[in-house]
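**Q** Sequence:
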Amino acid sequence: MRVVTAGSAYLDIDAYACCIAYAELLNRQGIDARAVSSAPLNFSIPGSVLGWHASLDEYRPGPDDEFVLVDVCDYHHFDPIVVLDQVREVIDHHPGFEAYWADKLGAAADIRPIGAAATLVFLRWENAGLLAQISPHSAALLATAILDNTLNFTGQMTTPQDRRAYELLALQAGLAMDWPQRYFSECQAAIEADLLNALAADMKQMSATPNLPRLVAQMTVWDAQALIQRHRSVIEQWLAGQDEDWLLNAIGIRDCKSYWLAVPVLSRQKLSLLLPVEWQGTRAVPTRAMQRKELVKLALAASSEGSNALGTAVCY
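This note's numbering puts the sequence shown at residues 783 to 1098.
Note that these hints are calculated values from the structure, not bench results.
Careful, some of the hints might be misleading.
As the list claims (entries may be wrong) - Here are the simulated BS3-like cross-link-like pairs (lysine-lysine), alpha carbons at most 25 Å apart as the crow flies: (1) K1039 to K1075; (2) K1075 to K986; (3) K986 to K1039; (4) K886 to K1079; (5) K1075 to K886; (6) K1079 to K1039.
Please work from the sequences and hints to get the whole structure.
**A** This is how it looks when you write it as structure tokens:
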């Protein structure tokens, strides 16, 4: 059996959509597949999305199971059900492990700089000639994941392929024109109703990534500025209890901006070395909305440049 799964910390809308839609495609192609995860769903999957009655499958491990990883390529953070030597495909858009998987899987490792992993799954459906047969719920899930991961097409990593995929999937699913605002507003309402669990459900330890705060929490909502104004002290107090080196990246779709909170001086210093940003106390507003994966990309590039500079110095 082919097990389609994702990361261990939480399941966001991109991973959730990819698991369900890609398992559906494999089954249509005659490959026995299941969409499986042991990770909790985060707040990018609100009630109306769960109401589409798309669900993950029950799973009992078998010795001959093969694994497909979606929306994750860092093998330190795979779902614990995954047997590393039995991974057969990786479909992802996060940087950092391209060379490892290319060496291990060759063309079966599809890791590209694109707005959403959901777009890569859409392309699998399209290339198989089966897009007309995709279920409405899988089409709606993939479309919503593209909205979320491209920040409603304002994110720097957005590509023409993401836009085209959304247009075709939204049409197939019958999504309304105002779905983006409704979706992000519903996510915000759910987050504000359970704020501390929402923070816990979308934060990542970045210890392995140099030049970034050790803990980076992220949330994408309709009006991030209003959320921070209402809950700033609670957010700062709770994150300070998780780590002494942290950042909250709150992304507002309404005004296409990121709002950063970082009380620790070290955290602000690390971020200021990555890109020019003006801090007003413990808060900063970059010139555009930025996702955590973009910060990782910047940090990796800075680390690589530092290594090259060091290598040059040694040569001299």
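**Q** Taking the hints in turn, state whether each one holds.
**A** Each hint tested on the structure:
{"no.": "1", "hint": "K1039 to K1075", "result": "holds, 16 Å"}
{"no.": "2", "hint": "K1075 to K986", "result": "holds, 11 Å"}
{"no.": "3", "hint": "K986 to K1039", "result": "holds, 21 Å"}
{"no.": "4", "hint": "K886 to K1079", "result": "holds, 22 Å"}
{"no.": "5", "hint": "K1075 to K886", "result": "holds, 23 Å"}
{"no.": "6", "hint": "K1079 to K1039", "result": "holds, 19 Å"}
In summary, the structure agrees with every hint in the numbered list given earlier.
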